[in-house]
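Q: Once you have looked at the hints, place chain G with the ligands on chain L.
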Amino acid sequence: MILAIVEHDRGTLNELTLQALAVARDLGDVEAVILGSAGAGLAEELGAHGVSKVHVADHELLADYGPDAWAETTRQLADAIGAEVVLAIGSDRGNEVMAHIAARLDAPMVANVISVTPGEDWGVVRVRWGGSLHEEALVVAPLKLLTVAPHALAASEVGGPQAEVVPFMPSLSDEGVTRVIDRATLAEGITLATAPIVVSGGRGVGSAENFSILEELADQFGGVVGCSRVATNNGWRPHSDQVGQTGTRVAPDLYIACGISGAIQHWVGMMASKKVMAINTDAEAPMVTKADYALVGNLHEIVPAIIEEIRNRRG
Amino acid sequence: MRILVCIKRVPAPGARIVVEPDGQTIDTANLGFTISPHEECAVEAAVQLVEQHGGNVTVMTLGPEGAEEQLRHAVSVGATDAILIPAGERDWDPQATARALTDAIGDAESDGAFDLILFGNESADSGGYQVGVRVSRALGRPMVNGIKGIEIGKGVVTLRRETDGGSELYELPLPAVVGVKEGITLPRYPTLRGRLASKKADVRTFEAGEQPGGQSMVALANPPEQVKQTVMLTDAAAAVDVMEELGLL
Ligand SMILES: Cc1cc2nc3c(=O)[nH]c(=O)nc-3n(C[C@H](O)[C@H](O)[C@H](O)COP(=O)(O)OP(=O)(O)OC[C@H]3O[C@@H](n4cnc5c(N)ncnc54)[C@H](O)[C@@H]3O)c2cc1C
Ligand SMILES: Nc1ncnc2c1ncn2[C@@H]1O[C@H](COP(=O)(O)O)[C@@H](O)[C@H]1O
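Note that the protein sequences, when read in sequence, are chains L and G. The opening residue of the first sequence carries number 15 in the numbering used here; numbering runs sequentially from there. The opening residue of the second sequence carries number 57 in the numbering used here; numbering runs sequentially from there.
Keep in mind that the hints are not guaranteed to be accurate.
Here are the simulated lysine to aspartate or glutamate pairs, EDC-like style, with alpha carbons at most 16 angstroms apart [unchecked claim]:
{"#": "1", "chain 1": "L", "residue 1": "Lys289", "chain 2": "G", "residue 2": "Asp297"}
{"#": "2", "chain 1": "L", "residue 1": "Lys289", "chain 2": "G", "residue 2": "Glu300"}
{"#": "3", "chain 1": "G", "residue 1": "Lys210", "chain 2": "G", "residue 2": "Asp171"}
Computed, partial: chain L to chain G, Cβ under 7 angstroms [unchecked claim]:
{"#": "4", "residue": "Leu30"}
{"#": "5", "residue": "Val154"}
{"#": "6", "residue": "Pro156"}
{"#": "7", "residue": "Ala305"}
{"#": "8", "residue": "His314"}
{"#": "9", "residue": "Ala319"}
FYI, nobody ran anything at the bench for these hints, they're computed from the structure. Please read these numbers as outputs of a predicted model, since none were measured by experiment. All C-beta atoms, glycine included, are put in the ideal place defined by N, C-alpha and C.
Next up, chain L with everything else stripped away, as it sits in the complex:
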């Protein structure tokens, strides 16, 4: 039996969690754990995604997120129901909670798998380098602890009946338990991760001030400006604008890369874009050869010319 950790935001299931459920269903009967009491209303949707039973864990220490309490609760539940696999999405929380479970059991944990083959020894394929390399590995352990790489598989409904909801009371002590003590909410709006158009700049932009033409181009479509690590490291842009392996993953309708060479660590952050347009002086740059559309030339001339052309056409 497979125990899936469900992530939700005040009762709305995380789309990524649903992707993990698609992987879980292929491995066997799926039960889910929801930490904190807010999630009991999710039984219908989880049922539709193939979950037969939802364990709603309730405890004072689960009132807000905490890696220790989440891990300890899940470990106790997996033990109680005889789970063979515990699985979560490879999100910040999913990976963190799974690592805490693994550390408690001193058992292996495989992060960011894209396929799982059960057997005597379990075979898995996982991603390395933020997704630019695949690793085939073997896992030997009575309880397999896996996280699923985000966007490895699409979420899909299987039309199952509403999942049965059962309460679970973990036995937790607050000694040495780490949890959120306060939170701040950002102003809502279009973010880099959700913008339909991203105009990104790299070393070729040359300075913080020069990013203003990229801002202006993004403004034409209600888009957002992103950047490469060189732009961040030079202090031209904040790290929150960085796209890539150690920055934000984006998937806009159009990604316009200005003066970015297309290193693999940048590419993994934007390869999910529907269309890529490269503006670069170097026709051989990987960003140019891998893009859908490319303009070879100086971005300091091309970007203003594009803005002017858009303005002309709009009248």
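A: Chain G with the ligands only, in chain L's frame:
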């Protein structure tokens, strides 16, 4: 304050990662090596904390002899001393890595515990998201990963983590373990004085036996690549034509 930062030597690939024909390693013949950006920022964060509160920063790595280069780089940007756990050219699995680091930390702490141990959020190459958590558990110290803000208070450390909609605050009693994310601060470049210090620095070694865990690598492979026919655009007007076709205007 005594702070330890655990860093890992990784190759710095360019546009493509080339796997050797045996599928066991990646071709590094023409590559330089670096430490992961998260860990680079962890070193910088540690150096800044020590500049504020006094103390020293130790860096530790498990890896090939060549990893001395990354330890010395950390010294050139402000770390005080360095420990290498020789492990040969092959990656150790996450459990083996964590066990060896835990042993080496125990040895380094014979004259007192580190107040803070910093890890990267995940290693750049393997990305297992677990070595730091395992070490924290073995040491019986609290740990949070993904941290973009650290402040030291009286006997506690306050940590900030960013989430989709905002941020979360954590407060841990010291000694504690923290997984740092790039963006916490900007890493500095080595100064001339730092470079000299790094040349003279004494890199201690700690021998740890390899105690493998339950995950073993079979082979590496490149994911299938989509080959695209790039449409070359001649001028700004052609680019705007495309934007129109895509329904963006
Ligand atoms: C572990 C690891 C993680 C990393 N994570 C990230 C990450 O998350 N995100 C990231 O971006 N990088 C990341 N990097 C860094 C990455 O390897 C590259 O160094 C970086 O992406 C290069 O940035 P760039 O393309 O802006 O600069 P460069 O590679 O220097 O490219 C600049 C480009 O601009 C072009 N150009 C110059 N002038 C002009 C002009 N006037 N007009 C038009 N084009 C011009 C040049 O032809 C060139 O192609 C990581 C590296 C490592 C080792
Ligand atoms: N070989 C190593 N030597 C020193 N530190 C390491 C090593 N491997 C991993 N780490 C640390 O553990 C963190 C998490 O690694 P990982 O679990 O591989 O994602 C890294 O960011 C490093 O800080």
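Q: Does each hint fit the structure? Answer for all of them.
A: Going down the list of hints, with the structure as the test:
no. : hint                : result
1   : L/Lys289 x G/Asp297 : holds, 14 angstroms
2   : L/Lys289 x G/Glu300 : holds, 13 angstroms
3   : G/Lys210 x G/Asp171 : holds, 12 angstroms
4   : Leu30               : violated, 11 angstroms
5   : Val154              : holds, 5 angstroms
6   : Pro156              : violated, 9 angstroms
7   : Ala305              : holds, 5 angstroms
8   : His314              : violated, 12 angstroms
9   : Ala319              : holds, 4 angstroms
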